[in-house]
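Engineer: First to last, the sequence lines map onto chains V and H. Under the UniProt record's numbering, the letters of the first sequence match residues 1 to 533, in that order. Under the UniProt record's numbering, the letters of the second sequence match residues 1 to 533, in that order.
In short, the hints are calculated from the structure, not lab data. As the structure is a computational prediction, the values presented were derived from the model and not from experiment. Any given hint could turn out to be false.
Note that identical chains are pooled: a pair holds if it fits in a single copy or bridges any two copies.
Derived pair list, reagent style SDA-like, types lysine to any residue, alpha-carbon separation capped at 25 Å [unchecked claim]:
id : residue 1 : residue 2
1  : Lys62     : Arg349
2  : Lys356    : Thr117
3  : Lys348    : Asp23
4  : Lys254    : Asn153
5  : Lys3      : Gly224
6  : Lys151    : Ala260
7  : Lys348    : Arg360
8  : Lys191    : Lys254
9  : Lys473    : Ala135
10 : Lys151    : Val325
There are 2 protein chains.
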Amino acid sequence: MAKERLYLFDTTLRDGAQTSGVDFSVDEKIAIAGLLDRLGVDYVEGGYPGANPTDSQFFEKKRTQNATFTAFGMTKRAGRSASNDPGLQVLLQSQSDAICFVAKSWDYHVKVALNSTNEENLEGISESVAAAVEAGKEALVDCEHFFDGFKANPSFALACAKAAFDAGARWVVLCDTNGGTLPDEIASTVKAVQEVVPGHHLGIHAHDDTGHAVANSLAAVSAGVRQIQGTLNGIGERCGNANLITLIPTLMLKAPFKDAYDLSISEQSLRDITTISRAFDEILNRTSNLHAPYVGRSAFATKAGIHASALLKEPETYEHVPPEVVGNQRRVLVSDQAGKSNLLGELKRLGIEADKYDPRLDALLAEVKELEAQGYSYEAADASFELMARRRLFSVPDYFNVISFRTGVERRYNAVGDQVTVSEAVVKVEIDGQTHMSVAEGNGPVNALDLALRKDLGRYQEVIDHLELIDYKVRILDGGTGAVTRVLIESMNKRTGQRWFTVGVSSNIVDASFRALTDSVRYIIFKTQQAAA
Amino acid sequence: MAKERLYLFDTTLRDGAQTSGVDFSVDEKIAIAGLLDRLGVDYVEGGYPGANPTDSQFFEKKRTQNATFTAFGMTKRAGRSASNDPGLQVLLQSQSDAICFVAKSWDYHVKVALNSTNEENLEGISESVAAAVEAGKEALVDCEHFFDGFKANPSFALACAKAAFDAGARWVVLCDTNGGTLPDEIASTVKAVQEVVPGHHLGIHAHDDTGHAVANSLAAVSAGVRQIQGTLNGIGERCGNANLITLIPTLMLKAPFKDAYDLSISEQSLRDITTISRAFDEILNRTSNLHAPYVGRSAFATKAGIHASALLKEPETYEHVPPEVVGNQRRVLVSDQAGKSNLLGELKRLGIEADKYDPRLDALLAEVKELEAQGYSYEAADASFELMARRRLFSVPDYFNVISFRTGVERRYNAVGDQVTVSEAVVKVEIDGQTHMSVAEGNGPVNALDLALRKDLGRYQEVIDHLELIDYKVRILDGGTGAVTRVLIESMNKRTGQRWFTVGVSSNIVDASFRALTDSVRYIIFKTQQAAA
Numbered sequence: 001m002a003k004e005r006l007y008l009f010d011t012t013l014r015d016g017a018q019t020s021g022v023d024f025s026v027d028e029k030i031a032i033a034g035l036l037d038r039l040g041v042d043y044v045e046g047g048y049p050g051a052n053p054t055d056s057q058f059f060e061k062k063r064t065q066n067a068t069f070t071a072f073g074m075t076k077r078a079g080r081s082a083s084n085d086p087g088l089q090v091l092l093q094s095q096s097d098a099i100c101f102v103a104k105s106w107d108y109h110v111k112v113a114l115n116s117t118n119e120e121n122l123e124g125i126s127e128s129v130a131a132a133v134e135a136g137k138e139a140l141v142d143c144e145h146f147f148d149g150f151k152a153n154p155s156f157a158l159a160c161a162k163a164a165f166d167a168g169a170r171w172v173v174l175c176d177t178n179g180g181t182l183p184d185e186i187a188s189t190v191k192a193v194q195e196v197v198p199g200h201h202l203g204i205h206a207h208d209d210t211g212h213a214v215a216n217s218l219a220a221v222s223a224g225v226r227q228i229q230g231t232l233n234g235i236g237e238r239c240g241n242a243n244l245i246t247l248i249p250t251l252m253l254k255a256p257f258k259d260a261y262d263l264s265i266s267e268q269s270l271r272d273i274t275t276i277s278r279a280f281d282e283i284l285n286r287t288s289n290l291h292a293p294y295v296g297r298s299a300f301a302t303k304a305g306i307h308a309s310a311l312l313k314e315p316e317t318y319e320h321v322p323p324e325v326v327g328n329q330r331r332v333l334v335s336d337q338a339g340k341s342n343l344l345g346e347l348k349r350l351g352i353e354a355d356k357y358d359p360r361l362d363a364l365l366a367e368v369k370e371l372e373a374q375g376y377s378y379e380a381a382d383a384s385f386e387l388m389a390r391r392r393l394f395s396v397p398d399y400f401n402v403i404s405f406r407t408g409v410e411r412r413y414n415a416v417g418d419q420v421t422v423s424e425a426v427v428k429v430e431i432d433g434q435t436h437m438s439v440a441e442g443n444g445p446v447n448a449l450d451l452a453l454r455k456d457l458g459r460y461q462e463v464i465d466h467l468e469l470i471d472y473k474v475r476i477l478d479g480g481t482g483a484v485t486r487v488l489i490e491s492m493n494k495r496t497g498q499r500w501f502t503v504g505v506s507s508n509i510v511d512a513s514f515r516a517l518t519d520s521v522r523y524i525i526f527k528t529q530q531a532a533a
Numbered sequence: 001m002a003k004e005r006l007y008l009f010d011t012t013l014r015d016g017a018q019t020s021g022v023d024f025s026v027d028e029k030i031a032i033a034g035l036l037d038r039l040g041v042d043y044v045e046g047g048y049p050g051a052n053p054t055d056s057q058f059f060e061k062k063r064t065q066n067a068t069f070t071a072f073g074m075t076k077r078a079g080r081s082a083s084n085d086p087g088l089q090v091l092l093q094s095q096s097d098a099i100c101f102v103a104k105s106w107d108y109h110v111k112v113a114l115n116s117t118n119e120e121n122l123e124g125i126s127e128s129v130a131a132a133v134e135a136g137k138e139a140l141v142d143c144e145h146f147f148d149g150f151k152a153n154p155s156f157a158l159a160c161a162k163a164a165f166d167a168g169a170r171w172v173v174l175c176d177t178n179g180g181t182l183p184d185e186i187a188s189t190v191k192a193v194q195e196v197v198p199g200h201h202l203g204i205h206a207h208d209d210t211g212h213a214v215a216n217s218l219a220a221v222s223a224g225v226r227q228i229q230g231t232l233n234g235i236g237e238r239c240g241n242a243n244l245i246t247l248i249p250t251l252m253l254k255a256p257f258k259d260a261y262d263l264s265i266s267e268q269s270l271r272d273i274t275t276i277s278r279a280f281d282e283i284l285n286r287t288s289n290l291h292a293p294y295v296g297r298s299a300f301a302t303k304a305g306i307h308a309s310a311l312l313k314e315p316e317t318y319e320h321v322p323p324e325v326v327g328n329q330r331r332v333l334v335s336d337q338a339g340k341s342n343l344l345g346e347l348k349r350l351g352i353e354a355d356k357y358d359p360r361l362d363a364l365l366a367e368v369k370e371l372e373a374q375g376y377s378y379e380a381a382d383a384s385f386e387l388m389a390r391r392r393l394f395s396v397p398d399y400f401n402v403i404s405f406r407t408g409v410e411r412r413y414n415a416v417g418d419q420v421t422v423s424e425a426v427v428k429v430e431i432d433g434q435t436h437m438s439v440a441e442g443n444g445p446v447n448a449l450d451l452a453l454r455k456d457l458g459r460y461q462e463v464i465d466h467l468e469l470i471d472y473k474v475r476i477l478d479g480g481t482g483a484v485t486r487v488l489i490e491s492m493n494k495r496t497g498q499r500w501f502t503v504g505v506s507s508n509i510v511d512a513s514f515r516a517l518t519d520s521v522r523y524i525i526f527k528t529q530q531a532a533a
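Chain V with its partners taken away, still in its complex shape (with noise of 0.2 Å):
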C-alpha cells in the first residue's frame, strides 16, 4: 500500500515565542529557523508580521531555504474589507509564501473576546482566506479552541471548518488551544470534522496540559489528519506545544505509522536530530532536558547493575529503539547503585580497557560513591570522572600545582562618582619545579582566576589557548553537615570543537570554581597529550 504523505509544521518561532522566559531576537529567529531546514520540516511559521517590530524585521525576507514560510495573523476584522484591513495588508505583503490565520471557532468566544456576530466571524474567515490565495499565498487556517468549541456548538465549530475550506485554504488546522482535550475525543471530533472538510487537508495543533500532546497528535492522525503542529522540544505557552522532536521518531521508527506515512524528514536527519534539540537549547540558553524522550542524555541511560550486564549483551532486548538511529548514545551510570559492570561499562565508553579484576576498581567504586555521597555528579560530569579513573588506573600527571590563589572583588565609587565593581586575582602554580605567579582582572572573580590561571601555564600555554569555558552552573546541595556548592562547568576546546563537563564540590563557590576549572584545564592537556601520542 502507498504510503501517504504526512505534513510537519512549526510553530516554535510563533507559538513557542510564548512560552514564559522567551523573547527571541531576531538574529535568533534565523539561527532557528535555519535549524528547522536542517530538521526539513514542511512549514515554517516565522511569527506575526505587524504585530511587533522583531517579527515585521523577520518577515522583511524569506527566511527558509526548504520550508514553507508561513506567517502568522488574525482574519479580517469585522465591519473592514480585507483591502482596508491594515494588519491584513502586511500579513499579505510579507515575505511569505503562507499565511496562517488564526480564527474563532467557538461562538462564545466570538461574543465575548470579539465582541462579534457568527457570520462576520465566518465572513472573516472566508475573506481572509481568499485575499491570501489571490495574492499567490498558500492558506492555513487555525480553528482555536476547535474542540471546545465543537463540544459548545457544533454546527458553528464545522461552519468555520467549511468557510476555511471552501474558500481554498489548504489547510484547516483544528487546535486544542487550552490543551484539555484527551485521545478518544480529539479522535471522534476529527471524525466528525471530515463530513466538511477531507482529512488530508485537516491538521491538529495540540498543547500538552494534560500531558497528551503527542498522544493526541497522534490520534488526530489516526483519525484522519495529515499535518502535524508542534514546536522544537516542546516550548509553548503554559505546559508546551506537542514536541516535533519527540514526534519524528515515533512517526519514523514504529508501527503503524513508520509504514503508513511518509515525512519531509531524512534518515540523515533523523540521525541529527538529538544534535539539533540540544543546538535549540542552547540558543534558548537554557539547560537540555536529560529525560527527553530519544534526544535526553538519559533517554538511554541505566543504572541499575542487573540491567546493565544483560543490556551490553543485547541491547534490543531492553532498548525500544537503537540510540544511533536518533544520534543520541547508551549510557551505563555510574552512581551510588552502580555494580562493577556498570563502571567497566562506562569505562569503556570512555574508551578505558580495564580488567574486570582489577582490584583498583573497587577502590574506584569507592571512591566515586564516597565523593557522590559528598556531592559529586559524575553522570553529569564526564571529563572529572575520566580523570579520576586514568588517575586512580594509570599514572596521569597533574601537570601543574597550584600552590594557592587569592580572588577579590570590591565596589567603590571611582574618581567621577561612579559605582564600578571590579575583580582581580592572583595564582600561584609550579610547573616542573618552577614557581608562576599570575595576576588578572576579570568580570568577576572566577573569571578574574580563570584568567589568572591561565595567563601562564609555562610549556602547556598553547594548549590552554584552546580552551573555552562555555557554562556554568551552580546548585546548593545540602551536604549534611551544612550547604556545599557543586559547580559544573562545560568546557570547549575550540581547536577540536570537542566539549566536556567537569564538577567541583566545596563548601565555598569560588573553590568549587576553581576545582571545576583546573580538571578541565587538565582535561584539555590530557586530551591534546593523547591525540598527539
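Got chain V; can you put chain H on it based on the hints?
Structural biologist: Below, chain H without anything else, positioned relative to chain V:
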C-alpha cells in the same frame, strides 16, 4: 452507575530511585513516604530490602500511615525452594504489608538474561506469590517487558500473568518496561490479558520513552486495568515513569474518568497537589518544571496580550480547569510582549491597584522591557518586580544605601601545612544618615557578603534575622556586548514561611549576587512593614 475503584501505586522510592542523579537517603525516603501519605495513594513501593543498605534500613519499620507499604524484589531464583532463597526471605521478613515481585514475561529474557527455562520462570512466579500470601502479605507481580513479551510469544506472556493470578496475587501489573509501546497496542494487549486475569486485578506500569506514559496509563484503564503505577513528578529511569501528579487531576476532573472511577485521593489532597509536587522537588533539590501539567508555575500563565484581557474576564473559556482546584495560580506574565493589560493583571496579583491610565505604567512597562533586554527575567523574580513596580508607582524607601563592599577568597597553606580556603567580606552601608561598616567570614564570597550585610542593619536588624537564603541559581547569558551573569535567589521569611525570588544581573557574579541579595533584604523589610501597617 456506580463508580469503580481505581488504585494508585507509587513507585517513586523504587523505580523513581533509578533516575539519573537521584539517590535517596533513608531520611529522604521517610520524608517522601510522608508526602505520599499526604497525597493519599493506595500503595507506596518503598524499595528493595536486601538489595542495598538504605532499603534494608528503610524496611525495618512500616513507613506509611495509610498506604499499603510495599517491598519490591525478584521472584525466587531457579533451582531453589522458596524457603531456601535468601532474597525472598528478606522480603517476607521485612515490615512491608505487600510484596511486588518483578518477573520476566518475555521468554527471550528468561533464556538470555536469567539463563533459565520457561517452566522455571512460571514456577518462580507461583511459588513466590504463594509464599507471600502464606506470610500474610498482599502479593503483586510486575510482569516485566510484558508488551514486547506478548508480541514475541503471547502464550508465554499470558502464562506468566495467569501463574501470578492463580497463585493468589491481588494484582498482576503489565509493565511497558522499555517504554516503546503506543496506546492502541497497550489497549489491545490489555484486552487480550483479560482472558486469563480479570481487569480489576490488572495494573499498568508505563514509561515515557515516546512521551506516552500518561496516555498509555489512561488507555490501559479504558481497556480494563484498575491500578496505575507511577511516580511523583514522573521521575524514573531514562525518560521517567508515568507522572502521578499529571494523572490524578485528569482522573478526578475530566470525563469519562471523573464519572467512572473513584480514587483514594480527596478533594483536599487535589488542592494540595501543587504543593506536594514542589515539596518533592525540594527534597530532590532540583528546579521544579515550570511547564508541568496542572502544577507548573507556568501551567496557567499566559503572555499574549490578546488572551490576557479576555482571560481575566472569563477564565473558564481559556483554561481547561480552574487553577485553584489543583492548588495552582493563574499568572499573567510581564514580558517583552506584554501589553498594558498583562502588566495590570500582574500588579493586581501582587496586590498593587493601579489605574490603567496612569502614565507611570507606560514608564514601568518600558523599564521592564529594557531590563529584560539586559537579562532580568521578571517572570521568575516576583519580589524584584514588585519592588521595582512599587518604587515607580509609589514611593518606597530603599531603607539602606550600600556605599561600598569588598570581598575576597584566598586559598593557601595554613600553619600545619593544610590547604584551606577562606572568604571574607567588608560592607559599608548608610542607614538614616549613619554609616555602618561590618566584616564577616563565610563559606564563599557571596555568603561572606550576605553575612556582612546583615550583621548590622541598624533598626532593621530584627527583621533581617528572619531572612533565610534557600536557593541560589546562576546562569550566564549572552548580553550582546559580552556575557552577563544572572543570579536568582530564593529567600524565605523563617517567621512567616513566605518565599520569594529576587534577581540580579551583572557581568560580575558577585555583583549580580549582591543585587539579588539586597533586593531580598529590602523586600523582607518592606513586607514586614506592610504587614505591620
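Engineer: All the hints need checking, so say for each whether the structure fits it.
Structural biologist: Evaluated hints:
| no. | hint | result |
| --- | --- | --- |
| 1 | Lys62 with Arg349 | neither (44 Å within a copy, 41 Å between copies) |
| 2 | Lys356 with Thr117 | neither (76 Å within a copy, 29 Å between copies) |
| 3 | Lys348 with Asp23 | between (42 Å within a copy, 24 Å between copies) |
| 4 | Lys254 with Asn153 | between (37 Å within a copy, 19 Å between copies) |
| 5 | Lys3 with Gly224 | within (14 Å within a copy, 33 Å between copies) |
| 6 | Lys151 with Ala260 | between (30 Å within a copy, 20 Å between copies) |
| 7 | Lys348 with Arg360 | within (15 Å within a copy, 63 Å between copies) |
| 8 | Lys191 with Lys254 | both (23 Å within a copy, 21 Å between copies) |
| 9 | Lys473 with Ala135 | neither (50 Å within a copy, 50 Å between copies) |
| 10 | Lys151 with Val325 | between (41 Å within a copy, 22 Å between copies) |
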